[in-house]
Amino acid sequence: MSTPTPANGMDRRSFLRTSAVLTTGLAALAASLKPLMEMNDFPTAERFMQKYYKEMTPADMDKVLKRITNEVEKQYGLRPHVRDYKPMDGVQYVYCLNLTRCIGCRKCVHACVAENNQSRNPEIQYIRVLKMEDGSLDIEKAEHDYDPEQVPEKGFFYMPVQCQQCKNPPCVKVCPVHATWQETDGITVVDYDWCIGCRYCEAACPYWARRFNWTKPEIPKERLNPEMSYLGNRPRRQGVMEKCHFCIQRTRQGKYPACLEVCPAGARKFGNILDPNSEVSYILNHKRVFIQLKEEMGTSPRFFYYFDV
Amino acid sequence: MFSQPKMNSSARTRLVLLALAAVFAGLTILFVFGSSGRPRLQNIPLVDTNFLNTATVRRSYADLVRDKEDLSDFDCYACHEKGKAPPLRFDTNQNIIVAKEHPDIVMGHGSHGRNNNCFNCHNETNLLALQSRDGRPLTFSDSPQLCGSCHGPTYRDWEAGAHGRTSGYWERSLGSINRKQCVNCHNPHSPHFPGRKPAPGPHLLHPPEVATATEPESHH
Amino acid sequence: MIQAIKNYFTFLQRCGRLVFIGDWRYFTWTGTLAVFCLLGLNAYCKQFAHGLITTGMSDQVSWGVYIANFTFLVGVAAAAVMMVIPVYIYDNEELHDLVIFGELLAVAAIIMCLLFVTVDLGRPDRFWHLIPGLGQFNFPASMLSWDVIVLNGYLLLNVHICGYLIYCRYQKKLPAKWFYYPFVFIAIVWAISIHTVTAFLYVGLGGRPFWNSSIVGPRFLASAFSAGPALIILAIQVVRRVTATVPSGDAKQRFAGAANPKTVASRPATLDDLELLARFLPEFDSVSKDVRREILPGLAVLDVPAGDTFLRQGETDPHAFFVLKGQVVVEREESGRYRITRSARPGEQFGEVSALAGTPRMATAIAEEATQVLRVPSDALRKMMKSPRMNKIVHARMAERLMITDRALMILRNIVQVSMLINVFLLVNEVFKEFYSGNLHSISAKYLFVGLHGHHALVPWIWSAILLNLTAMVLLILPVSRSLKWLNLTCVLCIVGIWIEKGMGLVIPGFIPTPLGQMVEYSPSLNETLICLGIWAFGLLCYTLFLRMAVPILQGRLSKANEGQPEDEVLPVLAANSSAQN
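In order, the protein sequences belong to chains A, B and C. Mapping the first sequence onto the working numbering, position 193 (from 1) lands on 193, and the numbers just tick up by one. Mapping the second sequence onto the working numbering, position 34 (from 1) lands on 34, and the numbers just tick up by one. Mapping the third sequence onto the working numbering, position 88 (from 1) lands on 88, and the numbers just tick up by one.
Derived from the structure by calculation, the hints contain no laboratory data. Ideal placement from N, C-alpha and C gives every residue a C-beta, glycine not left out. Mixed in with the good hints, there may be bad ones.
Computed list of chain B residues with no C-beta within reach of chain A, every gap over 10 Å [said to hold, decoys possible]: (1) 73; (2) 134; (3) 154; (4) 203.
Restraint-style ranges between C-beta atoms, simulated for each label pair [said to hold, decoys possible]: (5) B/203 - C/457: 45 to 53 Å; (6) A/221 - C/492: 54 to 62 Å; (7) C/140 - A/153: 46 to 54 Å; (8) B/44 - C/488: 22 to 30 Å; (9) B/129 - A/145: 47 to 55 Å; (10) A/221 - B/104: 49 to 57 Å; (11) B/64 - A/145: 33 to 41 Å; (12) A/26 - B/207: 24 to 32 Å; (13) A/88 - B/87: 55 to 63 Å; (14) A/221 - C/8: 54 to 62 Å; (15) C/437 - A/153: 28 to 36 Å.
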């Protein structure tokens, strides 16, 4: 052998060298994990193993609701009332929005935020009011940031957009874990404890209706709404999707959603289309021109925009 | 097979390994004392609670009566003579001249002075009541009928719940509704729905002026 | 059974030890990659703790550079295996060992893909929700669920094929065709599917007209088959470089050296020698005694002292050799550098290619220790190979040389050439469709190519990408790219151009403007960039380590036969290689 090979047992210097590299390397590896100590939300074993909503027995759900109640109380100092409201039979929700009446005041946006315990910072708002030029439905020309001294402004109309609870929802189709689905009464819901946060639904939605929790949501304690539901307005976590759910904690008790209650102009109408005496049945039977946004997408939205004059 | 390994290149290996150890040590220090990565959020003020108020635009006389509030401001016969209809005065353009004793009334009901006769709605024989188009007296709480006698389609919509505000329960069997009257939104003297300052617009997650940086201190 | 597991364990242990042996270039390279991995890991911990707000993404642009890299790398992984087609379908010898490099690249690329998807998740702790049976797997409706299946399946396929082939090489056993051939064909089909499924992720979204177009799928494949083989062309040249060396003074002499077979001690072979051969080469048993007696007169046995050269590259010599004792290393010289193409132990052959084909020697044979070989003239070899078992083993061993020829690179170049032409043609199609009719659905394309409403952050990027791709295409058409220097430049242009086009030019414009017309632009944050670099570094590190383990085995340097020898002794050539490098 012409090549002198290093002896099999290393000499002390090279052993020290190797262990220096290995030690510092492992130290760097351990130190790199330090930011994990800031985690405020690491799941407990119970939360990690929590079942899918549709597979929970009533007893499972009770346990989960109790746990949520305790968590919210601990965090906000207010004991909430968390329930799981089931859909009513013979109900198909429809929302009608009168574009002649909307003045673009954005009260609906903020009433929704207050009712549904959305994060204030970073800001999550399910409803986006678009200021549109009279004469055209070209959404591309819409303005989102208008802030004049007075609304409505002449020559414009205002179109609030939120989740359309489509009959043929693209978001439901694409979710890889079935974390979002449409219930029998027409509301497309999200199981916040099942969502893995891949945001495929956000890419799929043609109405830009879905919101993601980019960090831990911030709800001021004094503005927390303690009347909560599992699929609705209970506080969400970092890393999950959420969206308008027609105020499921109100509507499944027969009440109007918060956006409708606050609208000063009465532009919003909501109800059960299967009830011939509801406002929405009247509107759909008596008004002539309805706009379903992006109808050509084939999503069949439950939101009908119309004009009186 | 080949020549002996040159001393300088295994020296190079030693150097590289030592440098590597030093870099790892440096990284360790960087990680331990570096920033935690906590995002610095912009300042978004909480929305004014006025914007969350579900109250109607105005409260009508009928509301005040119903709620048994102080009606001293609305005692017509404190000034007017009972049984005598107050005189109406018009200017050269046939526009009504509102008496200076009623400073809060601005007439704007109908363009071109179409509806500028007070007694189109008010009852000249009983100022505490209204009158229908055919002269029958109407109480103030029946005012929608009066509005509907001209604004038929809107009245029909209102009756069905499609116009105006209805709050409460869409499922009537579970609770009651509260349907607002015309005058809860429309001032009968100038009924055009009032404009207002809109609530604040949306904030971007990463506003362009303030890059989302990370800093070691806590933000909130 | 237990023994088999123990053997495998020993094999893994030896491979593992190989990772820590290298020269200063190796440690600099892996060390730098490790540093970036650590920076990326730290950045990811920050993201895991505080959420995806640490990135530049927002509700308006909800996928960014993670998914862009994922899309690019799925293409690379698919293309790496598509190279397999010429080898297995057209039986192209030149590319045979390159297949393993391609598949190892595919494994590294898929690992990177899976990492990019994981770091993009808002709740990676809920990964089990994806597992069919345990969680709620939305198959077949959700294209993401398809992606989960095809990517993981592809990883397993390639790990199996590579692992099996390499382990067989280590054991100096012939791989059983039924154990890997079917998987190879499945892998070819699967490779197309992983990229088509990834394209369908985008195409299926009707709400995003920029993506909702039938050209996206074919464009994905065309760009993948340009960038993937381009990457392999570059990677293979790196392998060629680092496994080769410039020998110093006296070694060079030895190569040029005079020792030739005739001056080495030789004697006629006897039947006993053939018995010895049969002991090491069981297939030789199938050669009957009659044939043996027939060929015996032409056979000779050579005793070669350690370090002597007895076969030189370029010579014409119609003899093949079988090793009876000792070890022979066969090295090939290319552009002044030498690489081990195979290492032959008792029972193994070398020199058979020239004997059978009559071509000049492709490499030089050097005895690594005192060696005894059996020299077989070509007609005798052919008579031996009349027996099917001998035929099979000789052909199989012939394929087990680590030859990375320039011709192989040219075949890859052809793949890149055709793919890039198709890619540019599809681009022209896309641009025409978007801009000729002028309808509203092309606003995202407008944003990308010319800017929209005062926002034009992506315009310089896409035009740079188009320029790079067009230049690459022209260079590929011209014969100048047959020279390696120009080919390498072309490959770099191609890879960068396609990375920009597929990443920034596909993913980001789909979000701008939003479906409600809002214009919010995107740029990755520092943290996000560090995570991307960390994952790339990890992938490159994986690939480096895979090659570090695979190349000595493919060269025959590390095998079952030399178990017990410590790795740094087994590879003195490598250590010396690098140290002899100036």
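Hints, one by one, checked against the model:
1. 73: Nearest chain A Cβ is 24 Å from residue 73 of chain B, so the label holds.
2. 134: With a cut-off of 10 Å, residue 134 of chain B remains clear of chain A, as the shortest Cβ separation is near 28 Å.
3. 154: violated, 8 Å
4. 203: violated, 5 Å
5. B/203 - C/457: 45 to 53 Å: violated, 21 Å
6. A/221 - C/492: 54 to 62 Å: holds, 57 Å
7. C/140 - A/153: 46 to 54 Å: holds, 49 Å
8. B/44 - C/488: 22 to 30 Å: With a Cβ separation near 52 Å, residue 44 of chain B and residue 488 of chain C fall outside 22 to 30 Å, so the hint is violated.
9. B/129 - A/145: 47 to 55 Å: Hint holds: Cβ distance 49 Å, inside 47 to 55 Å.
10. A/221 - B/104: 49 to 57 Å: violated, 41 Å
11. B/64 - A/145: 33 to 41 Å: holds, 40 Å
12. A/26 - B/207: 24 to 32 Å: With Cβ atoms ~41 Å apart, the hint is violated.
13. A/88 - B/87: 55 to 63 Å: holds, 60 Å
14. A/221 - C/8: 54 to 62 Å: holds, 60 Å
15. C/437 - A/153: 28 to 36 Å: holds, 33 Å
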